[in-house]
Amino acid sequence: MMDLLEGAPIQLQAWFLGLLRSFGTPEWILAVLSALIIIGTIIGVFLVLFALTSVLERKILARAQNRYGPNRVGPFGLFQPVADGIKMITKEDLVPRTADKVVHFLAPVVMLIPALLVLAILPYGRGMVPAEMDSGILFFFAVGAGTEVAVFMAGWASNNKYSVLGAMRAIAQMISYELPLVISAIITAMVAGSLSPSAIVAAQGGFAFGFVPQWFVLTPWGFTAGLVFYIAALAEANRSPFDLPEGESELVAGHLTEYSGFKYATFFMAEYIGMFAICGMFVTLFLGGWQAPVPALTIIPSWCWFLGKICFVAFTMVWVRATLPRLRIDHMLAFAWKFLLPMGFAAFLSAACWHYAGRGPAAWILSLAIIGIPYLLLGNSFTNRFAVSRRTYQFSE
Amino acid sequence: MTLQILLATSAVLFAFGLAAALSRSNAIMILIGIELMLGAANLNFIAFWRFSENPSGLAGILFVIFSIAVAAAGAAVGLSIIILVHRRIRSVEVDDASNLKG
Amino acid sequence: MMCAFFNTVCADPLKFLGNWFVVLPAIVLLLAAGASVVARNLIHAALFLTLSFIALGVVFIALGAEFVGLVQLLVYVGAVAMVIVFAILLTHPAQLEKSRTPFSGLGPAGGAAVGFAVLAVLLAFIFASPLGKKPLPPSAAAPVAAIGEALMGDYVVALIALGVLLTAALVGAAVLAMDDKKP
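Chains as they are written, first to last, in our numbering: chain A, 1 to 397; chain B, 1 to 102; chain C, 1 to 183.
Everything labelled a hint here was simulated from the structure, so no lab data went into it.
Label pairs and their calculated CB-CB ranges:
id: 1; chain 1: C; residue 1: S139; chain 2: A; residue 2: I329; range: 46 to 52 Å
id: 2; chain 1: C; residue 1: P138; chain 2: A; residue 2: P295; range: 42 to 48 Å
id: 3; chain 1: C; residue 1: M178; chain 2: A; residue 2: W319; range: 36 to 42 Å
id: 4; chain 1: B; residue 1: K101; chain 2: A; residue 2: A334; range: 40 to 46 Å
Listed next, the stretches of chain C that the computed footprint assigns to chain B, with coverage defined by at least 3 CB atoms under 8 Å from CB atoms of chain B:
id: 5; region: 42-48
id: 6; region: 78-84
id: 7; region: 106-112
id: 8; region: 144-153
We treat Cβ as the ideally placed atom computed from N, Cα and C, and that holds for glycine.
Required output: the full structure, derived from the provided sequences and hints.
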C-alpha cells in the first residue's frame, strides 16, 4: 500500500494521460499537457504553502512573543490569507508620478519569475524531478541572479532616494552572501561528483551501521557547509536577521516603499516562494532530500519526507526570525566576507581531505580539525572586534 | 539553422557594440558597447563549436568560459576606474577628461 | 523520469523545438542590444543590456552549450550587470542635464557608419565563405563532467592563471574604489 502511495503522483498523471490517449488526442498535446500538469501541481502546492506560511509565521512569531497571532478569521485564524488576499487585491495601486512606469511595473514580475523557475530542478521524491538537468545546481544560482536585477529595478524605478539606497543595500547584501552560498553548495557537488540535484540526493542514500543516515549534514564538513548555506540562505531571502533592506523601522520598506496593493503582494509571494525554494535546496543538498532518516521509516512516501523536511526548515527560519535581532549593514557585510567565506573555504578543504583520507575514522578527525581551527581563530577575532566597551553613564545634575 | 545565420547574428551584435563604443559620450555606455562586442565573439565561438565535426572537443566551450571570466574582470576594473575618475572630475563624460589634451 | 517532455527538450533543444528555440532568443538579443545602444537614459541602457545578456545565455543553452549558458547568466547577469548598475548609481548626476548630448566622438552618424561598414565587411565574408554552409551535426553534447576534467586536466594552467587574474582584478578594483581620505 505504501508503494502505491509512493508512486501516486506519477501514477495519477500517467493514468490521466492514458485516458486522454485513449480518446485519440495527438502526442504533442499529451506532451504539453503532461508538462502543464506538473507545473500546475508544483505551483499549486507552493501557493498553498505560501498562504499557510503567511499566517503560520505570524502565529509562531506571536507565540514566541507570548501572544496569540491572528485568530479571528476562521478556525485558529487559518483563513487569514483569504482576508489578506482580498485586502491586497482591492487596495489602490499607487505609482509615483515621476516613477519609471514600465520598469516599476516589471519589477515584481522579474522578481517572481526566478523564484518559480528554480522550483523545477528540486527532486520532490524518488524519480520526481520536473526538469532533470545535468547542472541543476548551477541553474539554481544562475536563475537566482535574476532576483538581484528585480530588486534594483524596484528600487530605482520608484524615483525615491530611500528606495535607491535600500535597493543598493539589498543588492550588496545579496551579492556578498551569494559567495558562501555557492561555495557551500559546490562542496556537496564535489563530494557527490555531480551538479545534478538527484545525484546529490542519491549520494546521501544508504545507512551506515544499518540505521544511521548518511546525510551530508551529519559530517563535520557537511555540518559547517550546511550552517554556512543556511545563514547565507537567510540573507539571500532577505529574512531576519538579515532583513535590513525591508525592515520597517529602517528606510520605510526599502526598495518596496512605493509598491502597494497587488504588486506588493507579488513581491511578498516571490519572497516566500524564494524562501521555500532555497529551503528545498538546503534539504536536497544537506538533509538528504527525499530520503528517510531510518530504514524503518521508509514506508512513508518520499515526497512526504521532502515536504516535511521543507516545512521543518521553514519553521526553523521563522524561529530564527522570532529570536534574533536585526543585523546592521556593516556587521552583515563583515560577517559574510570575514567569517562565512573563510568558513566555507575551510569546509571545502575539510571535505576534500575527508574524501581523500578514505572516509574512515581518521578522515573524520582530520576534517573536524580542519574546520575547528579556523572557527576558533575567526570567532575570537570577531568577538574582540565587536565587543561592547564598558558602559559609562552620564546623568544631568 | 545554418552557421551563417548564427555568424550573421553575432556580426550584427558586434556592429551594435562597435557603434556604441565609438559614438557615445558616457564612459559607462562605452563599456556597455565593449561588453556587447565580447558577447558577440562568445556567440561566434559557440556557433563554431556546435557546427564542428568533433563536438567532443571542448575547446570552444572552454574558450568562452575563460572569455566570460576575463570580461567580468575587465568590466569590474574598468568601472572602478570610471568611479575613480568621477571622484576627481565629477563627470563620467569622456569629453570632460581632457586635462592632458594637447 | 517524471516528465519525458523536459527530458527530450534538455537532451538536444535544437532538434526537439526546432530552430525557434534559437531564433526567438536571437531576435530578442538583437532588439535588446539595439535598444541598449540608442537609449538616452543610462539605466534603460543597462537594463536592456541585462536583457540581451539573458537572451544570449538562452541562445547558448539552445545551442546545446548548457554549462556555458548558465555561466553566462550567472556571471554576466548576476555580476557584470549589477556592477554596471552600481557604477551608474554611484556616478549619477544629481539632476539630469538636458543640455548634454549623449553622443560624442564620431557622433551618432559616424558611429552608425562605422558600424555599418564593419557589418557589411563581416557579412560579405560570412556569406561568401564555404565554411558557413556546413550542415548541422547531430547533437553536440558537453557534459559538465567532461568540462570539469578538461579544465583540471589539459587547461589547468589557464585555470590557475584565470584565478590569479580574477584575484588581481578583485583586489585592484577594491583598492581603486576605496576612499582616498583616511579617517
